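Take each chain as given, in its own frame, and dock them per the hints.
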Amino acid sequence: MESVGSIIMYWVVAIAIILFSVLTVTTRKILRSATYLLFTLFATAAVYFLMDYQFLGAVQIAVYAGGIVVLVVFSILLTSKPGDKAEKLASKKRALGLLAAFAMLCVSGYALLSRCGFFAKMPEMEEVGMKRIGAELLSSGEGGMLLPFEAISVLLLACIIGGIVVARKR
Amino acid sequence: MDINLMFYLIPSLIMFCCGVYGFITRKNMIAILISLELMLNAVDINFVVFNRFLFPGELEGMFFTLFAIAIAAAETALAIAIIINIFRVTKNIDIRDLNKMKF
Numbered sequence: 421m422e423s424v425g426s427i428i429m430y431w432v433v434a435i436a437i438i439l440f441s442v443l444t445v446t447t448r449k450i451l452r453s454a455t456y457l458l459f460t461l462f463a464t465a466a467v468y469f470l471m472d473y474q475f476l477g478a479v480q481i482a483v484y485a486g487g488i489v490v491l492v493v494f495s496i497l498l499t500s501k502p503g504d505k506a507e508k509l510a511s512k513k514r515a516l517g518l519l520a521a522f523a524m525l526c527v528s529g530y531a532l533l534s535r536c537g538f539f540a541k542m543p544e545m546e547e548v549g550m551k552r553i554g555a556e557l558l559s560s561g562e563g564g565m566l567l568p569f570e571a572i573s574v575l576l577l578a579c580i581i582g583g584i585v586v587a588r589k590r
Numbered sequence: 370m371d372i373n374l375m376f377y378l379i380p381s382l383i384m385f386c387c388g389v390y391g392f393i394t395r396k397n398m399i400a401i402l403i404s405l406e407l408m409l410n411a412v413d414i415n416f417v418v419f420n421r422f423l424f425p426g427e428l429e430g431m432f433f434t435l436f437a438i439a440i441a442a443a444e445t446a447l448a449i450a451i452i453i454n455i456f457r458v459t460k461n462i463d464i465r466d467l468n469k470m471k472f
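If you're matching them up, the sequences are chains A and B in order.
Residues in the first sequence are numbered from 421 upward in steps of one, following the working numbering.
Residues in the second sequence are numbered from 370 upward in steps of one, following the working numbering.
Honestly, the hints are just simulated from the structure, not real lab data.
Since the model is a prediction, treat every value here as computed from it, not as a measurement.
One or more of the hints may lead you astray.
The list that follows gives simulated cross-link-like pairs (lysine-lysine, DSS-like), each with its CA atoms no further than 27 Å apart [unchecked claim]:
{"#": "1", "chain 1": "B", "residue 1": "K469", "chain 2": "A", "residue 2": "K501"}
{"#": "2", "chain 1": "A", "residue 1": "K513", "chain 2": "B", "residue 2": "K460"}
{"#": "3", "chain 1": "A", "residue 1": "K512", "chain 2": "B", "residue 2": "K396"}
{"#": "4", "chain 1": "B", "residue 1": "K396", "chain 2": "A", "residue 2": "K501"}
{"#": "5", "chain 1": "A", "residue 1": "K513", "chain 2": "B", "residue 2": "K396"}
{"#": "6", "chain 1": "A", "residue 1": "K501", "chain 2": "B", "residue 2": "K460"}
{"#": "7", "chain 1": "B", "residue 1": "K460", "chain 2": "A", "residue 2": "K449"}
{"#": "8", "chain 1": "A", "residue 1": "K513", "chain 2": "B", "residue 2": "K469"}
{"#": "9", "chain 1": "A", "residue 1": "K449", "chain 2": "B", "residue 2": "K396"}
{"#": "10", "chain 1": "B", "residue 1": "K469", "chain 2": "A", "residue 2": "K512"}
{"#": "11", "chain 1": "A", "residue 1": "K501", "chain 2": "A", "residue 2": "K513"}
Every beta carbon over 10 Å from chain B, so not counted as near; a handful from chain A, in silico [to be verified]:
{"#": "12", "residue": "M550"}
{"#": "13", "residue": "K551"}
{"#": "14", "residue": "S560"}
{"#": "15", "residue": "G561"}
For glycine and all other residues, C-beta sits at the position ideal for the given N, C-alpha and C.
Isolated chain B, as found in the complex (with noise of 0.2 Å):
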């Protein structure tokens, strides 16, 4: 049996479906952030094993990744700032009563 490039872009596709249904169904606002971490390890898988299969010699895609990684990071202290600054506001962290922009 080989491993070829589908066998890794399969469990990739997987991943970012279920980050598209958690994204759609949480209500917790960091549930919603952790689904878009999934979204964003998906895309990395596929830039890395791309990368690997088509063009072995380089290396854009990993150094892709690896901005990717970074920016990630920073989104998520980011939103993490924000959203422990809306618990200090209104107790509560659920997005169906988060329906107005300024308190």
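Next up, chain A with everything else stripped away, as it sits in the complex (with noise of 0.2 Å):
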């Protein structure tokens, strides 16, 4: 049995994830569309501190909220006017798409809700220290992220002069 504040607080982003996600994809504005993918990834954030995962919290908002949204919406303030609406769905392709997402809906839906022995409570778990993410991010022994995190690193490299080439003038 788990305490009140956190039964509330797993509602209120449980919610908001559901609601903002929703808003997302149907709001016609699309700076509206980037500001409610905004609020969907700060509840995100929300779940990763609910998890006691409070490093990988602080990246969400850092990179996700403080990065990529501000990326996108200067590109949005670039490429289309304050004001533009999208033009209302012809009824096919609206179709096709709530097919789609309602098909893969039901499918993994019933997937998950049919394996009832899979249900497990929130077991404990001691804080992870940045210490011991630190550590386990940077070793190369057994089970450490080394190799992985400088392939990340060289990646960012290619991704950085990749960006400079294609977006600048000729």
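Quick look at the structure:
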């Protein structure tokens, strides 16, 4: 049995995730869509905080909410006039999208709900400190993450160069 | 009431389905990119939740999410560079008008 506070917190976060992700794909103004995406990302960070991964929640807010959403908003302002509205969807396209989403929801939801034995309560976990995260991220031994870490840094360098080459004026 | 695994997987599933819907129906390339972010985010939640509930002592799922966030940032930056380049050439980022690979 969990405390009343954490249950209330859970419902707030879950409803925020569902509501804002639906609004992200249904609103017709593109800038509003980006704003709702920002709220969805904040709710996701709240999920990470509820799971006791404070570092991951901070990374989510810093990188996604601070970096990606700002980038998206900048490019929206560069490529469309404010107040532009997406035109109404053709019903055929909309039906296709709804069909795909609902088919996926039904199949995956059925697969999830039919595995009732899979339900597990949240186990106790000691706090994951920065010291442990840093040690495991940069260890080359058993279960160490040094190789992916370096691969990601090379990828980011390649991405910087690629971004400059693609977007520069010719 | 106990909060178990399913209580986190269902919102993430709904988030993923919203991403699929937006990816199919949207016309603006940036809106498609936003839908893609939603899908990536839903998968990230799943990694963290499975790690927390099934293997609470390990950190692998959390690291995977960390790397996925970094890759998503790189992918978004590059995609936006491409979109801005397309906008410079065609003055339009509607996918129905982009039916040529070369201008």
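Starting from the hint list further up, note which numbers the structure goes against and sort them upward.
none
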